[in-house]
Each structure stands twice: as C-alpha cells, then as structure tokens.
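The primary structure of each chain is shown beneath.
2 protein chains.
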Amino acid sequence: MKPNFSLRLRVFNLNCWGIPYLSKHRADRMKRLGNFLNMESFDLVLLEEVWSEQDFQYLRQKLLPTYPAAHYFRSGIIGSGLCVFSKHPIQEFTQHVYTLNGYPYMVHHGDWFSGKAVGLLVFHLSGLVLNAYVTHLHAEYNRQKDIYLAHRVAQAWELAHFIHHTSKKADVILLCGDLNLHPKDLGFRLLKEWTGLHDAYLETQDFKGSEEGCTMVPENCYVNQQELEPFPCGIRIDYVLYKAVSGFCISCKTLKTTTGHDPHSGTPLSDHEALMATLCVRHSPPQHNPSPTHGPAERSPLISVLREACTELDLGVAQARWWASFATYMIGLGLLILAVLSALVAEGGIREVAILLWTLSVGLVLGVGAVYLFHLQEAKGLCRARAELQHVLGRAREAQNLGPEFEPALFLLHQEGDKTED
Amino acid sequence: MKPNFSLRLRVFNLNCWGIPYLSKHRADRMKRLGNFLNMESFDLVLLEEVWSEQDFQYLRQKLLPTYPAAHYFRSGIIGSGLCVFSKHPIQEFTQHVYTLNGYPYMVHHGDWFSGKAVGLLVFHLSGLVLNAYVTHLHAEYNRQKDIYLAHRVAQAWELAHFIHHTSKKADVILLCGDLNLHPKDLGFRLLKEWTGLHDAYLETQDFKGSEEGCTMVPENCYVNQQELEPFPCGIRIDYVLYKAVSGFCISCKTLKTTTGHDPHSGTPLSDHEALMATLCVRHSPPQHNPSPTHGPAERSPLISVLREACTELDLGVAQARWWASFATYMIGLGLLILAVLSALVAEGGIREVAILLWTLSVGLVLGVGAVYLFHLQEAKGLCRARAELQHVLGRAREAQNLGPEFEPALFLLHQEGDKTED
Chain A
1 MKPNFSLRLR
11 VFNLNCWGIP
21 YLSKHRADRM
31 KRLGNFLNME
41 SFDLVLLEEV
51 WSEQDFQYLR
61 QKLLPTYPAA
71 HYFRSGIIGS
81 GLCVFSKHPI
91 QEFTQHVYTL
101 NGYPYMVHHG
111 DWFSGKAVGL
121 LVFHLSGLVL
131 NAYVTHLHAE
141 YNRQKDIYLA
151 HRVAQAWELA
161 HFIHHTSKKA
171 DVILLCGDLN
181 LHPKDLGFRL
191 LKEWTGLHDA
201 YLETQDFKGS
211 EEGCTMVPEN
221 CYVNQQELEP
231 FPCGIRIDYV
241 LYKAVSGFCI
251 SCKTLKTTTG
261 HDPHSGTPLS
271 DHEALMATLC
281 VRHSPPQHNP
291 SPTHGPAERS
301 PLISVLREAC
311 TELDLGVAQA
321 RWWASFATYM
331 IGLGLLILAV
341 LSALVAEGGI
351 REVAILLWTL
361 SVGLVLGVGA
371 VYLFHLQEAK
381 GLCRARAELQ
391 HVLGRAREAQ
401 NLGPEFEPAL
411 FLLHQEGDKT
421 ED
Chain B
1 MKPNFSLRLR
11 VFNLNCWGIP
21 YLSKHRADRM
31 KRLGNFLNME
41 SFDLVLLEEV
51 WSEQDFQYLR
61 QKLLPTYPAA
71 HYFRSGIIGS
81 GLCVFSKHPI
91 QEFTQHVYTL
101 NGYPYMVHHG
111 DWFSGKAVGL
121 LVFHLSGLVL
131 NAYVTHLHAE
141 YNRQKDIYLA
151 HRVAQAWELA
161 HFIHHTSKKA
171 DVILLCGDLN
181 LHPKDLGFRL
191 LKEWTGLHDA
201 YLETQDFKGS
211 EEGCTMVPEN
221 CYVNQQELEP
231 FPCGIRIDYV
241 LYKAVSGFCI
251 SCKTLKTTTG
261 HDPHSGTPLS
271 DHEALMATLC
281 VRHSPPQHNP
291 SPTHGPAERS
301 PLISVLREAC
311 TELDLGVAQA
321 RWWASFATYM
331 IGLGLLILAV
341 LSALVAEGGI
351 REVAILLWTL
361 SVGLVLGVGA
371 VYLFHLQEAK
381 GLCRARAELQ
391 HVLGRAREAQ
401 NLGPEFEPAL
411 FLLHQEGDKT
421 ED
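Chains as they are written, first to last, in the UniProt record's numbering: chain A, 1 to 422; chain B, 1 to 422.
So here's chain A without its partners, still in its complex pose (with noise of 0.2 Å):
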C-alpha cells in the first residue's frame, strides 16, 4: 500500500418502508429514491425494509448503469428487507439470521415473520479489503414496557460477534442500518463496545441534517405523530458506523440527513431519514497497538456494558422460562377438559357442544404445544447468547486484573487472529 494511498467513499442509508399494500406512495417513493440514487452516484447504497423482492427488481433494473452490482438478502418467511447496491463489485457475500426475532403469535407486530439478519458484503477497493454490513433490529413497539428487550440485546450481541469473528482480515468495516436503538441503549453501547466502531454523527467533520442527527423527525408527514410524542425532535435510530484496523485511519468528511422531506423538498421518500456520509480512509503507519493505550478504569466500560447485558438476558431467560411453564400448565388444563367432555359425550351429555368444546381443546393442546416449544427455544437461544457474553465477560476481566502491562492480553481479546510473533 503506498504511504499516500487515499479512498473516497460515499454511502448511503435508508429504511425505504416498503410494506406492499400497508406503507403509503410505495411505488411512487421507490421510483423517486432510484432517480435519486442515479444522479448521487454514491460508491454503496445500502437499503432496509424493502420487503418485495419485486421492488428490489424494479430498483435492479433503474440503478444497473450506475450501481452494476446488486444483491437482496433472502430469509425468513417475508425475507430480511436488506438489499444493497454498489458501483464496486461485491467480492463475497453471506448473511447471519438472528436467532431470536420476536413471537410468532405477535403477528400485527411482523418481526418474527420477517427473517431479521446482517448482510455481510466484501469488497476490494484499491487493495484495501471492505467489509460492509446492513442489518436491521427488531422494531421497539412499546418504550416503557418492551416485551422485545432481551430479544434487541442478544440481536445486538449477534451482530456484534457476526461482525467480530467475519472482519479479522477487514481493513476496514462499515455498518448500516436502523439498529431500533436509541444512541444510550444498552444494545448499542454493547455493539460499539465490543466492535469499536465509531459512529459518523459524533465523529464528522461536517453535518448537515435534521436536529440532533435524528432519523425519524415529526416533520416527515408519514411518521406516526403520538409515538415520536415524548421525543420533540424525534429520535435517532438509523446508524452509519466505521472503524479501520492498524494501517489505515478513517475519518467521516461531512455526513448529510433528509430532514423529513425529499431531498428535493417534495414528500419524503421513507418515514426514517436517509444518512449520507462521506468517509475517507488514509493510510496511517502502523502502530505498535492499534488499539487505544486504555488504562484499567477506561476499559471499565467494557466490562460494565457486558455484566449490564447479562442482567437482561438473565431476566429475559426467566420470562422465557415462565411462559414456558405457563403452556405446560395450560396443556394440562387443556388435557383436563378432554378427558372430562370425553366423559361427558360418552355419557350421551349435550352432544352438540360438548363436541365443539373438545375440538377446541384438541386447539388449545396443540397450540398452546406450540407456544411451549416456541418458548423453550427461547431460552435455549438468550442462555447460548447469555454464555457467549459471559465468557467474553471473564475474559476482559482476566485482562483488568491483570493490570496494564498485560494490556496484549485485551487486545487479543478484540483483535483475535493476530498471530504473536515469537
């Protein structure tokens, strides 16, 4: 790599709100966001919630000349949403679904139906290995009484070890996506702790956009106005993350958001904002440790954000627990009433609904079977996430206790792979 080598790189981001039949102007939007795209010419458009495949073709089909290469994410039953564009070509490509995702009984919330992952892109630009990742976390339906929390914890944490264990040779790793979390979650910090990824409003040279860097602002005409009530200038939820390994520095120039309208000012083209960023990657003589010299109480932060992510998960293991518990006694329930209405019916009771009552306990047995299975599944995947975190936990404890000198020791924590040199 030459010691002047410098990279462009212009992104953008959006959560297009592609429900077919329920999101509002959809056509309409997609054709104004390809126009748009077209004449920005970004290197990497990276798009959520297109949930028809059918309007990932269309979109295909108008950005082919500037964005030759493409991809959709399939998976779940709907399909992830997730798609991207680019002027580069995709080197490699995967995707990781999270384990957990909601509940399937919650069918007027959709998540579960959808499949949410992280797609993982590789790209080769000038030499330097890009890895670029598009996600989408569950949706917050309720902030005071999140039923979804633990779920939005352990996504977090997936995406977070997705991105740990698939960049060890990345030069540089980029994140985009509505992550449904708010800039203090426990699910972000988690993220940016344990990736050190740096988020492009805090670190940019230069912001233009909407309050605060918001990304779902009241002025938008299709946000729902009573949810964003308690956040006056809205709230920001949508994310660009980066970071470069040792080698390479990265810095964001000037980062851009809608501000509930078109960029041309007409009806917005989503009911989240589009972020554009402009990030430039410089070659940096390598350093000893790339890793900032962190002194035990600095990587504090760490540890507290983990142990605070165990407590959740903890809580989250019981709740799964509980209705697990809950299903078997309500099978039992179930089981009761037929052998009692079986009783009934051979007795030559009233037939008529005695009949109907056991069908629908044959009902309530089996899906209520279901629920259980479902929940027992649950638990099984917030302990494997709950076990990962922990070891990672007793591992940056090792190295706190063992003071700075042994500061190699977390390093390796976060940079596993590279090889000691004896």
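Don't read these hints as lab results, they were simulated from the structure. No experiment lies behind these values; they were computed from the predicted model shown. Be careful, since some hints might not be right.
Below, computed lysine to any residue pairings styled on SDA-like, alpha-carbon distance capped at 20 Å [as the list claims (entries may be wrong)]:
1. A:169 with B:246
2. B:169 with A:247
3. B:169 with A:124
4. A:87 with B:395
5. B:184 with B:233
6. A:169 with B:260
7. A:169 with A:226
8. B:31 with B:394
9. A:169 with B:93
10. A:87 with B:24
11. B:24 with B:34
12. B:169 with A:91
13. A:243 with B:243
14. B:87 with A:395
15. A:169 with A:196
16. A:208 with A:247
17. A:208 with A:280
18. A:169 with B:169
19. B:87 with A:208
20. B:243 with B:398
21. B:169 with A:87
22. A:208 with A:323
23. B:169 with A:208
24. B:169 with A:196
25. B:169 with A:183
26. A:87 with B:243
27. B:169 with A:246
Got chain A; can you put chain B on it based on the hints?
Just chain B now, kept in the frame of chain A:
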C-alpha cells in the same frame, strides 16, 4: 514463530448417540466415555449427539481435571447436541445454526427440533491460532429417495461458507463431526472443494481401525443391521478434516477408529465409531502463492461441484414451491368445506357432524397455513444458498477464463482478505 516450531495435537471425535430414553445403555456409555477420555488425555474432544445437557454436565464434572475448558452449544428446541472438552483454554466461541434442517411435521425424524449447527472454537496454541469447528448435519433416512438431500447440500454449503468467512486469520483449521455424508456425496465434495480441507483418513501416515475407515460398522451391536445391508463393511460419515495456511504445514501422523467395540473391547461407546487423530503442525517457509498452482483443468472440480450443487438446490426450490402451492390449494379446500358446513349448520342439518367437521376444517386451514409458511421459508433459504453458490461459481468461471496468468484471482477467491500489496 521459530523456524523449528512444531505442535502435536491429539484430537478425539465421536457421535455419542445420547438420546434420552431412546439410546441404549446411555448412562453406562457416558461413564465409560468419561473414563476413557480421562485416561487418554487428548488435546481436544469434540462430541456430537449429546442431546441431554445433563450428560454434558456429567462429563464436564468428570473431565474437569484433565480438560479444564468445555462448552456446550445450545440451539433449537432440543439443542445442537454439540459439545467440546479441551486441555487448552478456549479463547472464543460462536456458532451458526443451519437455515434449513428438515421438516417440523416429520416428528419421527426429529432433526428439525434439534437445531443442527456448526460450533466454532478459537484456540491460541504457542502463538498459533487454531479454529476448531464441530458439526452434525441432517441425517439420511433413505438413500434411494432422500427427501432431505437439498437441505443437506445447503447445510454443507453453509458450513463451508461459515468456515470460509470466520477462518481468515486462522493458521490452522480443524473440522470434526458427523456430516451424514459419504466421501463421494455432493455435499462432502462441495465442502472439500470450497474450503480446501484435507481428509485425515486419506492423508494419514498410519491408520488403524475399521475397514475403509468406516464410522458405522455392522460389528457394532447398536447399529441397525438392516440399514447397513447395502454396505457390507459399513459407511464412513464421521470425519476429521484439516488444513493449514501459508507459513505452516499440517499432517496426520496417526488415525485410529474404534471397531464396533469399546476401545478396551467391551460394548461400544456409541452406534458410531470414534475417531482419534494425532496431527502435527510445523512451520514451513512462506510461499509466494500457498494455493497449489492449479491450471484451469485442475480448477474445474470446484466449478463442476458448484454447478452440481446449484442443480440440486434448483430441484429443492421447485419442490418447496410445489408444496407451498399444494398447501394453498388445501387452504382453499378447507375454506370451501367451512363455507358449505356453515350453510348446513345455519339450515339446521345434521348439527353434530357439521360442528365436528367445521372445527376440523378450521384445524386444516390453520395447520396447512403453517405448512405453507414453512415451505415459503424453505424456498427462501434454498434461494439464498443458491445465490451464494452462483456468485462463487461466477467468480470461479471468471478466474478460469482469465487463464493461468490470472491465478491470483482464484487465490483471492479462496483466501479473500489477503491484502494486495501495492
């Protein structure tokens, strides 16, 4: 790394056949397995089909003095059945649960409920990074008419892709497990061609054990003799596979299998045979191009196996879509019956029978609705694997068309992430 660096690694792999209530002499076999492992003191013990977490906890306690590190991979409703015991500290672990794993309505086969997965363990051994993978793929119940073939091919692909994306900084890669694939099966060839892993049985300098290295043999009293009838010496479906990256070389000094008995000639430890390998990792001078200098002719096995896998996945997608369509018709039929019966009940016909049929139709509509959603998801999962395969196939073809002078293109395809130095 010192030039005379050398590392000896003793590895044990066994599918434990640990199904609670169903597997014969489970407790006794676990006890004898524990004694044997303690006595032999391997570096790494990788086990499959430890379905009960209690069995894992029992082994953990028993093996603690010899194997201080252990991990149980939780997934699905029952679990993945995978666990590991190690003499060396586990630096990191994670897992990937296969997208497709049979059908929930094939309850008697049970694979869907188990959440089959691949587990990854990262070790740092004398400055060397070892990525050890353990896995168990979907069982084969009928080789002549295998309804799970597309799922197993997709699993083999996901396994290969997971290894590919998570091992980019590993010096040595080890994969052990019950692949439920014969050596010439499409899934196994796909895995070997895409990862470049070597088969310990084919490469070992010294082999002792069952004929042709079989891991399910007719001599084993727990094996269903009828299933093995077409294979007089048994089948080889459990493997130890490995590779080292540039700068290291790895060889298999010895490979042993049990031969249908306990290693001390008692009743066997499982219905599968155990694999015991002694691997030797040595320093080797870095080569300019560590991938063997393939000509286009030699590269064709990858292209050919990718093409074959694409065809198999195509068939799987068509089959999944057929089932989804069939389910749609059945839902229509159920709704029609419902309407007719509702009319009958309203007119005061044979009420008892009508009510019973009415509720049965509701059950039919709901049940078949679930089948429809399942096959929709199955088709999406198969399309996802096919898209990844097609992308790799496209790039492999490009590399082939560019001719031998463009060898680095294929090397980059295999070893993506290796930085091109300017």
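Hint check, failures only: The structure breaks hints 6, 7, 8, 10, 13, 16, 19, 20, 21, 22, 23, 25 and 26; every other hint is satisfied.
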